[in-house]
Amino acid sequence: SQQGEEDPQALSIQEGENATMNCSYKTSINNLQWYRQNSGRGLVHLILIRSNEREKHSGRLRVTLDTSKKSSSLLITASRAADTASYFCATDGKGATNKLIFGTGTLLAVQP
Amino acid sequence: DTEVTQTPKHLVMGMTNKKSLKCEQHMGHRAMYWYKQKAKKPPELMFVYSYEKLSINESVPSRFSPECPNSSLLNLHLHALQPEDSALYLCASSQDRVGRKLFFGSGTQLSVL
Chain A
1148 SQQGEEDPQA LSIQEGENAT MNCSYKTSIN NLQWYRQNSG RGLVHLILIR SNEREKHSGR
1208 LRVTLDTSKK SSSLLITASR AADTASYFCA TDGKGATNKL IFGTGTLLAV QP
Chain B
5 DTEVTQTPKH LVMGMTNKKS LKCEQHMGHR AMYWYKQKAK KPPELMFVYS YEKLSINESV
65 PSRFSPECPN SSLLNLHLHA LQPEDSALYL CASSQDRVGR KLFFGSGTQL SVL
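Chains as they are written, first to last, in our numbering: chain A, 1148 to 1259; chain B, 5 to 117.
Source of the hints: derived by calculation from the structure; they are not laboratory data.
Pulled a few chain A residues facing chain B out of the computed Cβ check, cut under 8 Å:
1. G1189
2. H1192
3. G1252
C-beta: ideal position from N, C-alpha, C; glycine also.
With the sequences and hints as input, model every part of the structure.
Spelled out as structure tokens, the structure:
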């Protein structure tokens, strides 16, 4: 299966701390994306990193990609209570058409 | 307009009912998707329409029937559902081909009694 696995499954931190989530996947990919989902709502795209990129930044987000290890990490710096949500990585496998498969997700709780 | 609009937000239906979920986008996107999400699980791909043609059906039971009347609209027709079909149904769109970022609607929370 192409599905990614994320760890930790759940993470609880204090406001101002950094949060790191990891994603591992099984097949070769074209790119990897990270999404955020507030409880019971739709997903919001955060960042996309291509298979030939190693690191990407967007505001307080930093994503790394190691294709040799088939893994990615999402770092949220200086977290805020509003960052509380589930975070999913998503991959599109090489050769798969229009098929974005989501990882198992990390539930992040930021305590005020 | 960067919104994907889904209606209804909530739906309760019996196992003998027929209902439809609707999704609309006006971003000019040519790929549209249905995902199903159970509580505390990741979204699971159901169907993909590309340029108004069904391009992917992830072996979804025939009691779910998708329809793409035009490039802005996507429907999911429901008939004779089972209680285990209760879930959050998410519609998404993307510019075109695989690898583009997805824009999601807020979903329809479906309960089958």
